[in-house]
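S.K.: Here is what each chain is made of, one letter per residue.
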Amino acid sequence: MTAIHLENLSKSFGSFTALKDMNLEIADGEFVALLGPSGCGKSTTMNMISGLLDPSEGSIRFGDRDMRGVPMGKRGVGFVFQNYAIFTHMSVYDNLAYGLKATGVARSERDRRVKDMAEFLHLTPMLNKPSAGLSVNILQRLAIGRSAIMEPAIFLLDEPLSNVDAAFRAVMRTELKHLQRQFRQTMVYVTHDQLEAMTMADRIAVMDHGKLLQVGTPIDVYNNPSNVFVAGFLGSPGMNLLPGRTIAAPAGLCADLGSFGISAPLPVAGLSEDRAIVYGFRPEHCELTSGEGIRLPVTFVERIGARTILHMGNKETSLRGVFDNDVPVRTGENVTLSIDPANIRLFDAKTGDALTEAR
Amino acid sequence: MTAAAIDTSPTPIEHEDVRDSRKLGFWLTLPAQLLVLFIAVFPILMQVYISLTDWSPLDGIDWWQAHQLWNSFANYTDLLDDDRFWSALGRTALVMAICVPCEFLLGLGLAILFVDNFPGRRFLYSVLLVPMMVVPAVAGYMFFMLFQSGGPVNDLLSFFAGSPVRIAWLSDPNLALFAVIVSDVWQWTPLMFLILLAGLVGVPEDQLRAATLLGASWTTRFVTIVLPRMKTIIIIALAIRVIENFKVFDNFYIMTGGGPGVATETISIYIYKVTQQELIWGYVAAVALVILITLSIVSAYAIKRMSQSRETSQ
Numbered sequence: 001m002t003a004i005h006l007e008n009l010s011k012s013f014g015s016f017t018a019l020k021d022m023n024l025e026i027a028d029g030e031f032v033a034l035l036g037p038s039g040c041g042k043s044t045t046m047n048m049i050s051g052l053l054d055p056s057e058g059s060i061r062f063g064d065r066d067m068r069g070v071p072m073g074k075r076g077v078g079f080v081f082q083n084y085a086i087f088t089h090m091s092v093y094d095n096l097a098y099g100l101k102a103t104g105v106a107r108s109e110r111d112r113r114v115k116d117m118a119e120f121l122h123l124t125p126m127l128n129k130p131s132a133g134l135s136v137n138i139l140q141r142l143a144i145g146r147s148a149i150m151e152p153a154i155f156l157l158d159e160p161l162s163n164v165d166a167a168f169r170a171v172m173r174t175e176l177k178h179l180q181r182q183f184r185q186t187m188v189y190v191t192h193d194q195l196e197a198m199t200m201a202d203r204i205a206v207m208d209h210g211k212l213l214q215v216g217t218p219i220d221v222y223n224n225p226s227n228v229f230v231a232g233f234l235g236s237p238g239m240n241l242l243p244g245r246t247i248a249a250p251a252g253l254c255a256d257l258g259s260f261g262i263s264a265p266l267p268v269a270g271l272s273e274d275r276a277i278v279y280g281f282r283p284e285h286c287e288l289t290s291g292e293g294i295r296l297p298v299t300f301v302e303r304i305g306a307r308t309i310l311h312m313g314n315k316e317t318s319l320r321g322v323f324d325n326d327v328p329v330r331t332g333e334n335v336t337l338s339i340d341p342a343n344i345r346l347f348d349a350k351t352g353d354a355l356t357e358a359r
Numbered sequence: 001m002t003a004a005a006i007d008t009s010p011t012p013i014e015h016e017d018v019r020d021s022r023k024l025g026f027w028l029t030l031p032a033q034l035l036v037l038f039i040a041v042f043p044i045l046m047q048v049y050i051s052l053t054d055w056s057p058l059d060g061i062d063w064w065q066a067h068q069l070w071n072s073f074a075n076y077t078d079l080l081d082d083d084r085f086w087s088a089l090g091r092t093a094l095v096m097a098i099c100v101p102c103e104f105l106l107g108l109g110l111a112i113l114f115v116d117n118f119p120g121r122r123f124l125y126s127v128l129l130v131p132m133m134v135v136p137a138v139a140g141y142m143f144f145m146l147f148q149s150g151g152p153v154n155d156l157l158s159f160f161a162g163s164p165v166r167i168a169w170l171s172d173p174n175l176a177l178f179a180v181i182v183s184d185v186w187q188w189t190p191l192m193f194l195i196l197l198a199g200l201v202g203v204p205e206d207q208l209r210a211a212t213l214l215g216a217s218w219t220t221r222f223v224t225i226v227l228p229r230m231k232t233i234i235i236i237a238l239a240i241r242v243i244e245n246f247k248v249f250d251n252f253y254i255m256t257g258g259g260p261g262v263a264t265e266t267i268s269i270y271i272y273k274v275t276q277q278e279l280i281w282g283y284v285a286a287v288a289l290v291i292l293i294t295l296s297i298v299s300a301y302a303i304k305r306m307s308q309s310r311e312t313s314q
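Note that the protein sequences, when read in sequence, are chains A and B.
Using the numbering used here, the first residue of the first sequence is number 1, and each one after it goes up by one.
Using the numbering used here, the first residue of the second sequence is number 1, and each one after it goes up by one.
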């Protein structure tokens, strides 16, 4: 078990910068998810931790050990591949024993550890079976077991659930989290699926275009996104983001949202007048009201069973709201939304950075 | 040649439409079947027939009258006592035992080099494949020239030795065998290389990385991941070369004519000489038939092994 320190980590391939100036501290035994769309640099980060790629700049330390120049076989890193990379020409036993054999662990010791690991992962009944043709959840356990048997300080998982269908993914998520609790290892999990990151990780690191944007607990990142990208990327649907300007009104500083009207007084003090901002709120935080609020037309009503999603707005700006499934609204009607000021998030229109913090 | 390897699949349940379509299929394929009959089955039957006689084109009777010279199995019993046949067969086996492993190891080595990218890889790749494209007879002439006593090989050796070297490569029995083996290895290593490279490229990258992360050295990875993954393709490559090498003729015949004496006489050259020079066709037919059957058994065994390894590797 080891903490991972990434300092000013950068990686470029020719003129393309895959990762820029990343700083991240991962505590001993922590489960951190690197979350972002494809091409955001998360896999590059993971490959540098595993030793497959050398950083262009910056350093990686495991505990006190600088990893510069340490080959991947000697880092003590367990890696679970997207497709598990099981040695399908070997039996389950030989897969589990592979690393111990390769590093010259004595036969009796090897046999004992393989049996223990098989017992722990419920693989004992299939130990002597060929590993080809096993079901996905067994392959996942085998892939984890094969790495875990080497007692690596760090476990890296590269989108291990992306080849699994949606229903099964839920089962696997639970199992994976369960395994991590048992192993108590430092785990870094790469995914583009926010649900996986939210449900499993102790902390989420959201990345985009080679930059680390925000690190925090799932709830914190969800509730207080540090910029517009994180706000829009997390949540399904993501946060509604309306361009607007601050305007002085009798009740206090409000946001002028153009054709949608004027918002209720803003919850952030100290903003100057006539400043370009982005006005954000989560789709589940708006309510229909007959009183004051922002007015806008409904463009589409999406009924998904448990909830109903209203698509609202105009060509330039569309927003969504999540309501009860029997919400009495039809396409083309105008609605008025009221939003609790506590749930409003403001961002700078130019930099995209958040202008609020949780209070 | 591979008739022994064809599986007889279980007969499906007969329905009327199946019977009908089968009848139609019979008529549609009849011309092709007749053709096969004439180009494959007929000559073999003819060969079996002649192999049981003393017939020769010089006898003045046509081949279908060869039964007048019927000698039962005398040709086959003669074969058992024919020292030249057995030594040619033994020599063919020796050539194979040297050529095929050399070509395999060189081809594998080259494939390992070429699996990673390096500057000039594409160019060298094309260059490496050139020998395979050369007509074997032309390759034979090339090596015939190279191994002349005043030829480039001796010139090169002279350069390193510092004094003139005049080795009579093609007229010394042992050196002649060496020279023809060199020509075969030169010509067919590229094929091995090509097949083995295809196999090597097909080894999953992730599995190699996984093995590396588990602490396996290059050698361990090669033995435990690469070779088992390439098993099928290695068997195919070896089978192709064994069968081809058994029939080796062109470059050997041009370089040495099987000589000096019979020092490089392989089974194909032996058959050719007995047919063309001694004209005892009945006997040759028997020899050729024995070899055909032997090769069929070997290739059937190889194909069986291939399909078995395919089942286990999946």
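It is worth saying that the hints were derived from the structure and are not from the lab.
Among the hints, a few may not be true.
Claimed, not checked - Lysine-lysine pairs mimicking DSS-like chemistry, simulated, CA-CA at most 30 Å apart:
| hint | chain 1 | residue 1 | chain 2 | residue 2 |
| --- | --- | --- | --- | --- |
| 1 | A | Lys129 | A | Lys177 |
| 2 | A | Lys115 | A | Lys129 |
| 3 | A | Lys115 | A | Lys101 |
| 4 | A | Lys115 | A | Lys74 |
| 5 | B | Lys304 | A | Lys129 |
| 6 | B | Lys231 | A | Lys129 |
| 7 | B | Lys231 | A | Lys101 |
| 8 | B | Lys231 | B | Lys304 |
| 9 | A | Lys101 | A | Lys177 |
Unchecked claim - From the derived model, a few chain A residues whose C-beta atoms are all more than 10 Å from chain B:
| hint | residue |
| --- | --- |
| 10 | His5 |
| 11 | Met90 |
| 12 | Asp116 |
| 13 | Asp165 |
| 14 | Ala349 |
Note that beta-carbon positions come from the ideal geometry of N, C-alpha and C, so glycine has one too.
S.K.: Hints first: check each against the structure and report whether it holds.
M.R.: Now for the hints, and whether the structure bears them out:
1. Taking the CA atoms of Lys129 of chain A and Lys177 of chain A, the gap is about 27 Å. The hint holds against a cut of 30 Å.
2. Taken as a hint, the Lys115 of chain A and Lys129 of chain A pair is honoured in the structure, with Cα atoms around 14 Å apart against an allowance of 30 Å.
3. Of the pairs offered as hints, the one joining Lys115 of chain A and Lys101 of chain A holds, with about 14 Å between alpha carbons and a cut-off of 30 Å not exceeded.
4. Of the pairs offered as hints, the one joining Lys115 of chain A and Lys74 of chain A holds, with about 24 Å between alpha carbons and a cut-off of 30 Å not exceeded.
5. Our distance criterion of 30 Å between C-alpha atoms is met by Lys304 of chain B and Lys129 of chain A, whose separation comes to about 24 Å.
6. Our distance criterion of 30 Å between C-alpha atoms is met by Lys231 of chain B and Lys129 of chain A, whose separation comes to about 20 Å.
7. Restraint check for Lys231 of chain B and Lys101 of chain A: the C-alpha separation of about 22 Å stays at or below 30 Å, so the hint holds.
8. A C-alpha spacing of about 14 Å is found between Lys231 of chain B and Lys304 of chain B, which places the hinted pair at or below 30 Å, so the restraint holds.
9. Our distance criterion of 30 Å between C-alpha atoms is met by Lys101 of chain A and Lys177 of chain A, whose separation comes to about 28 Å.
10. Its beta-carbon lying about 21 Å from the closest one in chain B, His5 of chain A satisfies the requirement of being farther than 10 Å from that chain.
11. Taking the minimum C-beta to C-beta distance to chain B, about 8 Å, the non-interface status of Met90 of chain A is violated against the 10 Å cut.
12. For Asp116 of chain A, the condition that its CB be more than 10 Å from all CB atoms of chain B holds, with the nearest at approximately 17 Å.
13. The Cβ of Asp165 of chain A sits about 21 Å from the closest Cβ of chain B, beyond the 10 Å cut-off, so the non-interface label holds.
14. With a cut of 10 Å on Cβ distances, Ala349 of chain A stays outside the contact zone with chain B, its closest approach being about 44 Å.
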